[in-house]
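**Student:** With chain A held as given, fit chain B onto it using these hints.
Going down the list, the sequences are from chains A and B.
Per the UniProt record's numbering, the very first residue in the first sequence carries number 1; after that it's consecutive.
Per the UniProt record's numbering, the very first residue in the second sequence carries number 1; after that it's consecutive.
Nothing false has been slipped in among the hints.
Same chains, same label: a pair holds when it works inside one copy or across any pair of copies.
Within a straight-line C-alpha distance of at most 25 Å, the following computed BS3-like cross-link-like pairs (lysine-lysine) qualify: (1) 209 with 31; (2) 162 with 200; (3) 84 with 31; (4) 84 with 113; (5) 209 with 34; (6) 204 with 162; (7) 34 with 204.
Simulated from the structure, these hints should not be mistaken for laboratory data.
All values derive from a computational prediction rather than experimental measurement.
Protein chains: 2
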Amino acid sequence: MRKEMFNHEINILRDTYRRLLRRQAKTNLIKLNKKTHPADLATVFRYFTDEEQIEIFSLMNETEHTAEFLSELDDALVNDLLSKETLERIAAIIERAPTNDQSDILNALEQEKALAVLELLEVEEQEEIAEIMGYPEDSAGTLMNTEVFTLHEEITAGDAIKTLQDQEDAEMVFYLYITDDDDRLVGVISLRALTTTPSKTTLKDIMIKNVHSVRPETDQEEVARIVAQYNFLAVPVIDPDSHLLGIVTVDDVVDVIREEATEDFLQMAGAGKDREILLKSSWENAKTRLPWLFASWIGGI
Amino acid sequence: MRKEMFNHEINILRDTYRRLLRRQAKTNLIKLNKKTHPADLATVFRYFTDEEQIEIFSLMNETEHTAEFLSELDDALVNDLLSKETLERIAAIIERAPTNDQSDILNALEQEKALAVLELLEVEEQEEIAEIMGYPEDSAGTLMNTEVFTLHEEITAGDAIKTLQDQEDAEMVFYLYITDDDDRLVGVISLRALTTTPSKTTLKDIMIKNVHSVRPETDQEEVARIVAQYNFLAVPVIDPDSHLLGIVTVDDVVDVIREEATEDFLQMAGAGKDREILLKSSWENAKTRLPWLFASWIGGI
Numbered sequence: 001m002r003k004e005m006f007n008h009e010i011n012i013l014r015d016t017y018r019r020l021l022r023r024q025a026k027t028n029l030i031k032l033n034k035k036t037h038p039a040d041l042a043t044v045f046r047y048f049t050d051e052e053q054i055e056i057f058s059l060m061n062e063t064e065h066t067a068e069f070l071s072e073l074d075d076a077l078v079n080d081l082l083s084k085e086t087l088e089r090i091a092a093i094i095e096r097a098p099t100n101d102q103s104d105i106l107n108a109l110e111q112e113k114a115l116a117v118l119e120l121l122e123v124e125e126q127e128e129i130a131e132i133m134g135y136p137e138d139s140a141g142t143l144m145n146t147e148v149f150t151l152h153e154e155i156t157a158g159d160a161i162k163t164l165q166d167q168e169d170a171e172m173v174f175y176l177y178i179t180d181d182d183d184r185l186v187g188v189i190s191l192r193a194l195t196t197t198p199s200k201t202t203l204k205d206i207m208i209k210n211v212h213s214v215r216p217e218t219d220q221e222e223v224a225r226i227v228a229q230y231n232f233l234a235v236p237v238i239d240p241d242s243h244l245l246g247i248v249t250v251d252d253v254v255d256v257i258r259e260e261a262t263e264d265f266l267q268m269a270g271a272g273k274d275r276e277i278l279l280k281s282s283w284e285n286a287k288t289r290l291p292w293l294f295a296s297w298i299g300g301i
Numbered sequence: 001m002r003k004e005m006f007n008h009e010i011n012i013l014r015d016t017y018r019r020l021l022r023r024q025a026k027t028n029l030i031k032l033n034k035k036t037h038p039a040d041l042a043t044v045f046r047y048f049t050d051e052e053q054i055e056i057f058s059l060m061n062e063t064e065h066t067a068e069f070l071s072e073l074d075d076a077l078v079n080d081l082l083s084k085e086t087l088e089r090i091a092a093i094i095e096r097a098p099t100n101d102q103s104d105i106l107n108a109l110e111q112e113k114a115l116a117v118l119e120l121l122e123v124e125e126q127e128e129i130a131e132i133m134g135y136p137e138d139s140a141g142t143l144m145n146t147e148v149f150t151l152h153e154e155i156t157a158g159d160a161i162k163t164l165q166d167q168e169d170a171e172m173v174f175y176l177y178i179t180d181d182d183d184r185l186v187g188v189i190s191l192r193a194l195t196t197t198p199s200k201t202t203l204k205d206i207m208i209k210n211v212h213s214v215r216p217e218t219d220q221e222e223v224a225r226i227v228a229q230y231n232f233l234a235v236p237v238i239d240p241d242s243h244l245l246g247i248v249t250v251d252d253v254v255d256v257i258r259e260e261a262t263e264d265f266l267q268m269a270g271a272g273k274d275r276e277i278l279l280k281s282s283w284e285n286a287k288t289r290l291p292w293l294f295a296s297w298i299g300g301i
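Isolated chain A (complex conformation) (with noise of 0.2 Å):
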């Protein structure tokens, strides 16, 4: 019931495209690639053959919403999809996605061209690249998004509302981190008890201190452990001297499970760790990205 309903909606996407390529209506295509929420368009996306995937990704503009659709596709179709494209449009696309999707991206590229791409970017832009990409695979570094909002301990909440008002880069905030005169992460308040604290009351006097934090080389399952067994929205990552480097959300933490999940039945299943060799046909593809219903599947044999 659950797998009809999903395949439902899916196909009439992937039917409302296929209606669309047949009559070359790219005014229309690209109004619906513009409408389509990226995980949606990545889900439809294994369905289309490789022509279909170029035509569609050609009138992609190079968007936010379009690097977050490569983020959410699977490494070979990114691969693939990207091989056919020149230097500076995959530059330009990349230049759009926050730091941790970035190097999602570059690391399925064959390296050659990964290493031509990032030439391209901003130095700034490119040493932060290379720093998420210099963390252990599987690690909280590599998880991260190093675009968090700090606030300085003395200021009042008053003022810290207005200073998230002009901020409008760091996505995804439910918690705002203080740091202390040397930049070290001393205590964590929610959006929410900010907002309903009066105005002239210092944020060290509200903010929780004893923060929960991992390190960059924590491995993503001890943070998806922290996340899970106490209902955190994100986990801050710092070094060795407490300076906070970015924070994992709970969205990439339900990612992180789906895919231990399906990692470790893959395993049992014989087929070891490398799941790309599982990834050819559009099917198993769509699979590994849903473990559930993989797993039923499997279990129905």
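**Tutor:** Relative to chain A, chain B alone:
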């Protein structure tokens, strides 16, 4: 390595409890109960004998903390613990829990005892619990939190923040759900968007109108899929007339994904859906709560 780290922390907590129990240091035990996170308390509890469990539980207050601890505990343990308790104490604890946890705890009891406890609660609360317990097992209805924060579409952002400041009850607020004159769900605003909007703007003008919602009968796997696919922090549950019944939050979805993964493992291992048979020893228990550890353990055989 990860496993050791986790065990290490839990071992320290367990040894501290054991030392205090041996010394019959009740004041210290009460302090430790209060200081320990409910999720950690539930984990460490599985290491204790029946007698130790009863002694520790007898020193816990009838607070929200204790209610949360019970909701984190496995059903078999909840039943064991509460079978020796008076109906009045159980009712006093249950009163402090959110509705979905209330039905979880009652579901763990034997039916006769659950009904007797239910009768001690206020009529309004009885009705709410009865409604939740009426939804199908593993559905959005049994998973949802009914304490939701709604606002009328015609009020301003400034007034919305003021109203929010008076609401102490509604936990985990990330989204504000917006209703029309007929009390129908017509939009949603993130807390962040509200904070960063000029205070005279009407909610109608900043709300997102296309709200993804589910019905109380929707299976929890479908809810998990929606939350994971779109990176939501919560998904609203509505009735056929679009009235908001509650929300399912991402922390509960994380639990669902882990639980489903475990169920699928057990099914593959030939144990069927009946997890309870595997919940006899505290070790098995711990593994059921931590599917990925369980998975690597099975994988290693």
